[in-house]
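For reference, the chains in residue letters:
4 protein chains.
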Amino acid sequence: MTATPDADPFARVRDSFDRQAFMRTLDARLTQVGAGRCEAVMPIQPAFGQQHGFLHGAVVTALSDSAAGHAALSLMPPGASVLAIEYKQNFFAPATGDRLIARAEVVRAGKTVSVVTAHAFTVTNGVEKPVALLVATMMTMRDAA
Amino acid sequence: MTATPDADPFARVRDSFDRQAFMRTLDARLTQVGAGRCEAVMPIQPAFGQQHGFLHGAVVTALSDSAAGHAALSLMPPGASVLAIEYKQNFFAPATGDRLIARAEVVRAGKTVSVVTAHAFTVTNGVEKPVALLVATMMTMRDAA
Amino acid sequence: MTATPDADPFARVRDSFDRQAFMRTLDARLTQVGAGRCEAVMPIQPAFGQQHGFLHGAVVTALSDSAAGHAALSLMPPGASVLAIEYKQNFFAPATGDRLIARAEVVRAGKTVSVVTAHAFTVTNGVEKPVALLVATMMTMRDAA
Amino acid sequence: MTATPDADPFARVRDSFDRQAFMRTLDARLTQVGAGRCEAVMPIQPAFGQQHGFLHGAVVTALSDSAAGHAALSLMPPGASVLAIEYKQNFFAPATGDRLIARAEVVRAGKTVSVVTAHAFTVTNGVEKPVALLVATMMTMRDAA
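Residue numbers (full-length UniProt numbering), protein chains in the order written: chain W, 1 to 145; chain L, 1 to 145; chain D, 1 to 145; chain H, 1 to 145.
Treat the hints as calculated values from the structure; they're not laboratory data. Glycine included, every Cβ here is placed at the ideal spot set by N, Cα and C. Hints may contain errors.
[To be verified] Just a sample of chain W residues kept apart from chain D, beta carbon distances all over 12 Å, derived:
id	residue
1	D18
2	A21
3	T31
4	V41
5	P43
6	Q45
7	F54
8	P78
9	V123
10	R142
[What the hints assert, rightly or not] Chain D stretches covered by chain W per the calculated footprint, using a threshold of three residues with CB under 8 Å from any CB of chain W:
id	segment
11	82 to 94
12	106 to 112
13	126 to 138
[As the list claims (entries may be wrong)] Under the rule of at most 25 Å between Cα atoms (straight-line distance), these lysine-lysine pairs were calculated in the DSS-like manner:
id	chain 1	residue 1	chain 2	residue 2
14	L	K129	H	K111
15	D	K111	L	K111
16	H	K111	W	K111
17	W	K111	D	K129
18	L	K111	H	K129
19	W	K129	D	K111
One chain only, chain W, in its complex shape (with noise of 0.2 Å):
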């Protein structure tokens, strides 16, 4: 008896995440998926920080470009992947605190061209702090290895 498909639908999203390299030196992890929709999230650590020692904005982007790239590929067809074309980050406060959390859904799935929106949180003493707001345009390559 082997596992079948139905056993994971998202295997394949949660497979490319987990090869992402620098998503593990972050210590990073994809902690929901579903249709459309990923959460992930990471410890903040000093090792990232910026000069005045909040998390590196690009770093937010990081997470938040993950999420939103994987909740597009969990609606590509089998074989597919994802390109980020180009994205927008809007920050709105300093990331401090324990974790970060972003949170990425598709707005508009397209055969070709999805837009996906990321909200980022930063998590401290178990309050969330809304920081950040990605919009991403990603590409669906198809015929991929």
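Assemble the complex: chain W is given as a structure, and chains L, D and H must be docked to it using the hints.
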């Protein structure tokens, strides 16, 4: 005889760049600074890769954003610090090779808000290839510590 | 007995929207205003088309930006005015049909900088279709005339 | 003797620009076309103003986007048409004066996706002033009518 402030008018720009723990983690260095201009360079290392083995897009953003922010800082009054309000990143090609370079230039320096572009290039066997363009909106923070 | 300020807490938002000559040229109206929210509507007319006969993308942006700016203004202190520092517009589908609607919502209201999203929809025979998403960075201008 | 296609290699770019009803409404003209470059100009007219009497930001975007799209089109194969997937617009200063100019340049021409910048300037008594920067992602649509 001691060095005067004029010895290096951009010392505070270099200091700010080097205070970024994430830039040290990436082994990134500020290689040039001028009025409204910065160049930063980092080696392309496997620990910062994405799911296909290329450098993660957000690492391209990290170097580009840091170069852009410090290009803006180079034009700000003494005591000010720089804050990225938002940025947009376009990707042209996967980042692979030996090194990544980001060259930033202030397009518009305002009293409060500045706009900066950063072009990113990979270098492979001495050959540069453009891989990304960032446009960032930077805010001048006065009375900073 | 005179009208109190509470009679229409958003009168200045409506006034500002209606002072926009371009909105009058487009025959655009503000159809709803709330705290941090605006809806604006305009007919889709041939004079504002692009090369394939659809509504020009920048007209979608015009309605979206105006809704977004006035959503931000609804949360600003009396006497303040709103200035768009920058925006990003994603297009999902060509805009065609009877009417265009833009629904804007403030995502983050800061003292100086606010972030607002605006979703645009076309209406054809009473059926709404999402066509675009705008994310805008708005600045609070104090002491405005 | 008839005109050869070489007589004006950019005739289809000019034709496409001029087919935009909104550009005619704005009285906008394409003043220069080259490989990967376009310049467009329009008078600044009260009918397209915002709430403070300046030219509406989305009109700056309209001219910039049209110049950018047609700069991209100039590099596309015969029969292709251009579609804006998304753009980002930064504003530097209110647009006021006699004329608005948008100068667009392709930064990266891909088979499917191109990235184009457009700088906008106002002209007042013959003096140019930079007012905005647009970065757009354009898609090549093949087999277009």
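Quick rundown of the hints versus the structure:
1. D18: 29 Å, holds
2. A21: The assertion about A21(W) holds, with a minimum of 29 Å to chain D.
3. T31: 23 Å, holds
4. V41: 21 Å, holds
5. P43: 24 Å, holds
6. Q45: With a cut-off of 12 Å, Q45(W) remains clear of chain D, as the shortest Cβ separation is near 25 Å.
7. F54: At about 16 Å from chain D, F54(W) clears the 12 Å cut-off, so the statement holds.
8. P78: P78(W) clear of chain D: closest Cβ-Cβ about 24 Å, beyond 12 Å.
9. V123: With a cut-off of 12 Å, V123(W) remains clear of chain D, as the shortest Cβ separation is near 18 Å.
10. R142: 20 Å, holds
11. 82 to 94: holds (count 3)
12. 106 to 112: holds (count 3)
13. 126 to 138: holds (count 4)
14. K129(L) <-> K111(H): With a Cα-Cα distance of about 17 Å, the restraint between K129(L) and K111(H) holds, given a limit of 25 Å.
15. K111(D) <-> K111(L): Answer holds: K111(D) to K111(L) is near 17 Å, not above 25 Å.
16. K111(H) <-> K111(W): At roughly 17 Å apart (the allowed maximum being 25 Å), K111(W) and K111(H) satisfy the hint.
17. K111(W) <-> K129(D): Satisfied, since the Cα-Cα distance of roughly 17 Å is no more than 25 Å.
18. K111(L) <-> K129(H): 17 Å, holds
19. K129(W) <-> K111(D): OK: K129(W) and K111(D) at ~17 Å, within 25 Å.
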